[in-house]
Amino acid sequence: MTGVRAPRGPRGLIWATLRVHRTALIFWGLALTAATVCLVWMYAIADDARRGNVPCAEPAHDGYPSCSSVEAITVDDTYTQGIALVTTALTYAIFPVAAWAGGALVGRELENGTARLAWTQSVTPARWLAARLAVPAVLLTAATGTVTLLGLWARQDDDPNLVGDWYYPDVFLGTGPTAVVYPLAGLALGALAGLLLRRALPAAGVGFAAALLLYNLLERNRETLWPTVTRAEAGGFELPRSAWQMGWNDSLTRATYHPRSHFWPLQYVETGIVLAIAAAATLAAFAVLRRRTP
Amino acid sequence: MTAVTTLDTPAAVTSSRGPRGLLWAMLRLHRWALWFWLLLVAVGAGALLWAYGPGADAAWAEYHKAGCGSTTPPDLGCDLIGPAYTRYDTFVGVGAGILGLAPFLTAAWAGGALIGRELESGTAQLAWTQSVSPARWLAAKLAVPAALLTTGMLLLTLLHRLLWSTDGPLRAAMGSRSWYQGTTFEANGTLATSYALLGLAVGVLAALLQRRALPALGLAVVVLALLTTVLGTVRPYLWPLETLTNKHEYPAYIGMVVDEGALTSTGARVADPICVDNTKCLAEHDIVGFYRDYHPSSHFWPLQLVETGIVLAVAALTVLVAFRLLNRRTGAAV
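First to last, the protein sequences are chains U and S. In terms of full-length UniProt numbering, the first sequence has 131 at position 131, counting the first letter as 1, and numbering is strictly consecutive. In terms of full-length UniProt numbering, the second sequence has 48 at position 48, counting the first letter as 1, and numbering is strictly consecutive.
I should point out that these hints are in silico values taken from the structure, not numbers from a laboratory. Computed from a prediction, not measured in an experiment: that's the story for all the values here. Glycine is no exception: its CB is placed at the ideal position from the N, C-alpha and C atoms. Some clues are possibly wrong.
Stated by the list, open to error - Just some of the chain S residues that point at chain U, by a computed CB distance under 10 Å:
#1 82
#2 84
#3 109
#4 217
#5 251
#6 252
To be verified - Label-pair restraints from in silico Cβ distances:
#7 85(U) - 283(S): 39 to 45 Å
#8 126(U) - 306(S): 55 to 61 Å
#9 247(S) - 230(U): 47 to 53 Å
#10 72(U) - 254(S): 55 to 61 Å
Claimed, not checked - Where chain S lies over chain U, by a calculated footprint (3+ residues, C-beta under 8 Å):
#11 102-108
#12 147-157
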């Protein structure tokens, strides 16, 4: 093939995947651009936002600024809302991804027969599915990874008054590797639903429902993914804000909680679970495809 | 295509029992949606009834066991939320959540399965050759789901109101959920039902515009999300506000507070300079009092009914546009 002039740009299956799903590609580009612009803007106003969120006194004394001057700064609200909006959108990305993967990526092609047409064009079913999964997976990973890193950069010192405590569901999911693996699990679950149902709309619905189930199950059981710390003192005590409190006994002398240092163990366990589910769904999708095709 | 289903015996020529014609075709074609809707209503009703009975009892038992709610000063731990209350709150959340989610599911289904798929695959055009005019076809597509949606949503709304009317002390003790908060406000009145009907109308129009199932599904959900966001933002301004003023401090926080601030001696409203009790600072800024604009809970029904009227008007307009569009496309006299 060396004699043939290789055209520039993606070719073959990758090109076909990008071309068929150009609407989704445009949507992906718009979402990534919007999130990037928003986070860069948040980074730019981060210092001002921190000036609007400090202890104050009226009138100003002992080095504290006057409360009226601090209250006049409203940029901290904008900062908080901007960061929260992008973080929430990032953690909800699994839902549209799962519905799209079930409906448009796999279900529609099996329903109207274009998949079978592709399989006659010297593309084996397994390679077809591999391309249909790999291209979105790479693009999703790039986008969610970029937005997660930009988010960490825009959060700066992670002041919980501005960006929320680390154990809030959205903050937890949006500030670690979980933000990247959840959409991948949505992709795999949607593709499996598409292969099992072979129709666009039911597959979109089932993919969405599976993603909803996974998301809620893990959110409800997140605190059990790593052993909690128990602290007991005779006279009662208080825990710092950074402690994710699970429960107290009746006399408030013994508490169980996750300290801030449990963030990474919890992240790793949850990432592992979600990745395992994504891998299992992908393997199941290939197995279903092999059984259905000669 | 996997649309090979069991070959049912054709409907008897003599008038059979049960629904017939267009109605029968609708229910038969969308039996999965019908079962799903019945399941969703059953789950919502079950969750609300459980919360109303055993759930609330268990939450109260937990509250009293912790030594709270008696005449003696309450224990420090009374504002800590225990597992029984958490379970109660989860079940209430499931019931209210179904009421909040149903409009979006309806919009997605109406755009995708109800109209979009039939226009894409051509079964709609086939139906129009079977002595069913396009207008009658669309009317049946709208009327049957609208009736089922209204019934189910109103049932869940009534159960939510039943729960709401009795759990006031529990809510007060735990400091959770207020009448004006989004999901609760919609689940306690006519809004949840009217938003579901709006979702149906938006889905149908999106499908007639796109004529393809999946793009219509996406468009319908996005448009409904925009409409609900806009209406939720203007909600506090749909009925005249009441104002409370006070000389030395803020008036009590009672209801949906929309605006607050300080008053100068000329009666002008200014941003609060946060002097707190510093009289010199107050004099400097010429602050003589404070105000709060708010909706008391007696404004629940006026606010609810005005917004319901707007939502239903938008839905009616959407349906009208859908019929006109279909009429122009098919060129048939209605």
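Hold the hint about residue 82(S) up to the distance rule: shortest CB distance to chain U must be less than 10 Å. This interface hint holds because 8 Å falls under the 10 Å limit.
Is the hinted range of 47 to 53 Å satisfied by the C-beta distance from residue 247(S) to residue 230(U)? Once the Cβ atoms are compared, 51 Å apart, the range 47 to 53 Å for residue 230(U) and residue 247(S) holds.
Has the region 102-108 of chain U got at least three residues whose CB is nearer than 8 Å to a CB belonging to chain S? holds (count 3)
If you take the shortest Cβ to Cβ gap from residue 109(S) to chain U, is it below 10 Å? Hint holds; residue 109(S) Cβ to chain U Cβ min 8 Å, cut 10 Å.
Does the closest beta carbon of chain U sit nearer than 10 Å to the beta carbon of residue 84(S)? violated, 13 Å
Could you tell me whether the CB distance from residue 126(U) to residue 306(S) stays inside 55 to 61 Å? holds, 59 Å
Supplied contact hint for residue 252(S), tested at 10 Å Cβ to chain U: violated, 22 Å
That 39 to 45 Å hint for residue 85(U) and residue 283(S) (C-beta), does it hold up? 41 Å Cβ-Cβ, so the 39 to 45 Å window holds.
Hint validity - residue 217(S) Cβ closer than 10 Å to any chain U Cβ: holds, 7 Å
Hint status (Cβ of residue 251(S) to nearest Cβ of chain U, threshold 10 Å): Result: violated, 19 Å to nearest chain U Cβ.
8 Å C-beta test of the region 147-157 of chain U against chain S, three or more residues: violated (count 0)
Holds or violated: 55 to 61 Å for the Cβ distance of residue 72(U) and residue 254(S)? Violated, at about 28 Å.
Checked against the numbered hints above, the structure violates hints 2, 5, 6, 10, 12; every other hint is satisfied.
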